[in-house]
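Okay, here's what each chain looks like letter by letter:
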Amino acid sequence: MRNLTDEKIKFLEEKARDIRVSIIEMLVSAGSGHSAGPLGMADVFTTLYFYILKHNPKDPFWEGRDRLILSNGHINPVLYATMAHAGYFPVKELLTLRKFGTRLQGHPHREYLPMLENSSGPLGSGLSQAVGMAIADRMDRGKTSDRFFYCLMSDGELDEGQSWEAILLAGKERLGKLIVILDRNNIQIDGYTEDVMPLEPLTHKFESFGWHVEEIDGHNFSAIVEAVGRAQAVFDGPSIVIARTIPGKGVSFMEGDYKWHGDPPGIKDMAGEPAKEEQVKIALHDLRTLGGQIKGEHE
Amino acid sequence: MINQSQKLNPKLFDKKVEEIPIRKGFGDGLVIAGEKNPQVVGLCSDLTVSTTMNLFRDKFPERFVEMGVAEQNMASVASGMAAMGKIPYISSYAMFSPGRNWEQIRTTICYNDRPVIIAGSHAGVSVGADGGTHQAIEDIALARVIPNMIVISPCDAIEARKATVAAAGLGKPTYIRLAREATPVITTDDTPFEVGKAQLYYGEEKEKTDVGIVATGALLYKALKVAETLKAENISAKVLNVATIKPIDVEALVSLAKTTGTIVTVEEHQIIGGLGGAVAEVLSQNFPVPIEFIGIQDKFGQSGRPEELLEHYGMGESHILKACKRVIERKS
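Respectively, the protein sequence lines represent chains A and B. 1 is the number of the first residue of the first sequence in UniProt numbering; add one for each residue after it. 1 is the number of the first residue of the second sequence in UniProt numbering; add one for each residue after it.
The hints are simulated quantities; they were obtained by calculation from the structure and are not laboratory data. You can trust all of the hints, since none of them are fake.
Only part of the chain A face toward chain B is listed, based on derived beta-carbon distances under 10 angstroms: (1) Ile69; (2) Glu117; (3) Ser119; (4) Gly121; (5) Gly124; (6) Ser125; (7) Leu127; (8) Val131; (9) Asp137; (10) Met139; (11) Phe149; (12) Trp164; (13) Glu165; (14) Ala166; (15) Leu169.
Remember, it's a predicted structure, so these values are computed and weren't measured experimentally. A virtual CB, placed ideally from N, CA and C, is assigned to each residue, including glycine.
Bound-form chain B, shown alone (with noise of 0.2 angstroms):
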């Protein structure tokens, strides 16, 4: 059942459960992180009211920056600006930033190691009918694979405030992922949040289950509707969030994989690279478990509703179920 010690949205699993995008917990984190230090900036190519960096902007427009169209730019006058100690986020599509510009973010933030905080919205094939070219499902592996970045995806709209005003303290570069869609919220103000920690939503610590899920991003709210799916038919679950998918909590991963002795990764991107391959990589080396995978399989989105286009690529909760009971199976 759901971990009481993490404070989650007690109207969780309502039908009515209240939806916002993610992408504005990031606009309103940025106000909170502008308002806690002057030297925050923001930065965007074009796309202000979509990555609600108008919130920022409308209330700090001395620091704001408008870029035109022109990610590449974006991302390394942000170096510069950081340079001068100033801490800039810039804002975009996930697929342009850090699509379009990925080598401006590495020779010149990352490289440099300069505390740029790169927001990617739009991210995932929920982005819907704009289909495949603005539906970004590369950009954790883009991201994660850049020396000094810190990369982190969160589940929704108040993780990603946090997320966002933490970013601020960091000093390091950051991405940051966000989707357009809105999503249940699933957590409160008072859910713990930390960047590095994953944070155990469903079960308990020492519990032993018959399965681990490790999700990231909106689509925890259907890992945690599996879970209880999974409990109705006397199957034990546990959820764990993963939100900082680098560093990657690896204590974490571990525990769980200790504990459940079987692993689902869940993600809205490609496995390649993504939450998957970084699962992958810890447990294969600390604590091999069977591990079955759920998110985008080495293909293009294309143009649909999110729900049409989160099942047809294998993403919907039925897939996560059945890869649950596949991974038990491979246990035994």
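With the rest of the complex left out, here is chain A (with noise of 0.2 angstroms):
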């Protein structure tokens, strides 16, 4: 993969930000969903979607297409929101996620937008349905074979058995094919990773598993590029891109706060946070002006 240049990372950028617009506008016409983690991760799933994966929007079940594999699955508005700025189906369909009726349910279902990889939103076992996919691939195109299997997980699902069992095996296995972009954001539902239960020292914990471990900032579309680059020379074991993301990233009030794990903008009052009037207000002009450094060209 070529490295970026400075316009291509001016167009992730822009895309980037009208995708999280995307992603608080989805939520507030919800009522209900996660923030923190959807903003967190947009840049990874803006350089996936607009320059990593190889795909085809107007052809989604495409055969030779590269799989990316959600496993925490209540991040889904930054998968849909992504989806539909990459051209799988309308940016305006966006506002019936989490309504009776859409395809865009509260976490992903196949069976009501089959395009999806996989339905997911019990954690910890998103990445070994990837580890499948990789062994049957490897079984009929052998380790030649030209696709690649991107599992999306968050920290907080490592506290799942499951994860570990597949992580022994991708290892076992030898998966070159295998890349999983773990959502280093240190929060979780009850509080901050470390704290509810402690996964650190992650890269060493992944390196005796068999991994090939890439460490970045997660909002650094040049690092993600080149960290995945990496990550796919490498064809006789599994890679980790440790992303290194800030939760609700992009909303000045939401930024490393685990209170907006689960919660859209608009719906309560929170201490030390603004008015539950103001809340949508200020996140879409944060986002729109990328913190006030630009001027907003919707506002």
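Using the hints, put the two chains back together into the complex; each one sits in its own frame.
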């Protein structure tokens, strides 16, 4: 994969901004859903769908596509928003999130949106599915298959025992086509991950299970591309890109605050947060102006 | 008498009737399924010989994945393989799959509607000496409550072989229940088998009898012997083999209820949520008749010899016989 040009970085920045705005709009329309994770992973998803993935939004079932398996289904607003902006379905459909009859279920469900690779929600089982896909692909196409299997998962779901069963198996099977991108945002519902259930030293843990580890700033487009590029070059074992992200990235009052794990803005007053009537306005202003750095196009 | 059209084992009631573990039929069937379809793959969590998946492993080593003791991972890995076009069979003890990994089966296999076949061996108290932790007597309930799931409980090794081969072509999540112990061979290669269809093994379709016995799994053999005993006492009976518990054969059950007026269900499983529950659901809505239930009555198992345990938990021939007489009394 070639390194990013300045022009491409600017393009990705703008896409990520539009996707974040869509995330806030769809969550506000739904009146429930997770904010912090989707905003934090917007740069990773943007880079995947607009630069890294081999895919075709006009032919979502194309056999040769890379597979993106979302394990922590609760961040699906970022999946749906990125897919819509990439052309899989109309952006306006995003406002149906979590409503009766929608294709965009509260957690991903293939029965309603068959173009998804998997349904998910209960944590810790996405990696197993990605491992199964990579094993099946190797049976059919051998180690030189040109498909990659990207599993997007959260740090909190590493609390699940099943995650480690899958990590063991991927190491044993030396799945070179498997690349995990871990959302290392340090929060989960009950608090900070290192308080709830310490995970560090994560790099050492994965290395000792036979994984190649990359650790990056998950908001740096070049770093994402370069780390995934190096992971792709590792053919004799699975890779993990530990993407350090800021939960709620882009919205001043949400950034780094675990209280915003499971709520959209505008629903309730919280100690130390803007009044609920102000939250949506501030959030959209923050996003559209990149935190006041630029004059928002849509202001 | 035995329904001749079913072409059952002619030596069925001999003292030395041939006995084979039901799980062996799974192992044989998986090899046949693997020969027929190159997409068939096998996954096992450290019980490859016990579940007889070693037959497949030895024949198709490149299509077998050893999972280690990790049933939850196994279910979801199989789902991923099915997403890529494979037809995965996963095997363990029923207690661990679908017991331990129920949520993974629900979400990653059934909610995704992936054609994974779950073979749960060592079901029932007849596992024996290992004791209650290893005796799955809730697995039918666990499996049949999940949407999209097909549930098959074969009565002998031959039926298990046929069910295993047929499952590859269903394109749906499927649970096949297997037992450990050698049990009498009831059927033959020529006995009809169709997923979703119950078969009348004793009595004739149109014939009216005093009682109708509905059985699943290895206890079907005892049900057939009870029908013979009843005949000697001038009580007529029919015996229906319900191998597919979901989707259940409503037509066959209603027909049986109409021609007998009384039903006794027989299973080596909790009555709650098992065959008994399933039959009661169907008949109460379509053709209510008195029903007696033979099965585990809301208890856990324990160590012992299989026959001792079946007697202790009320699933012996004498219990089935008494249940038949009780239900006939309720009719009059």
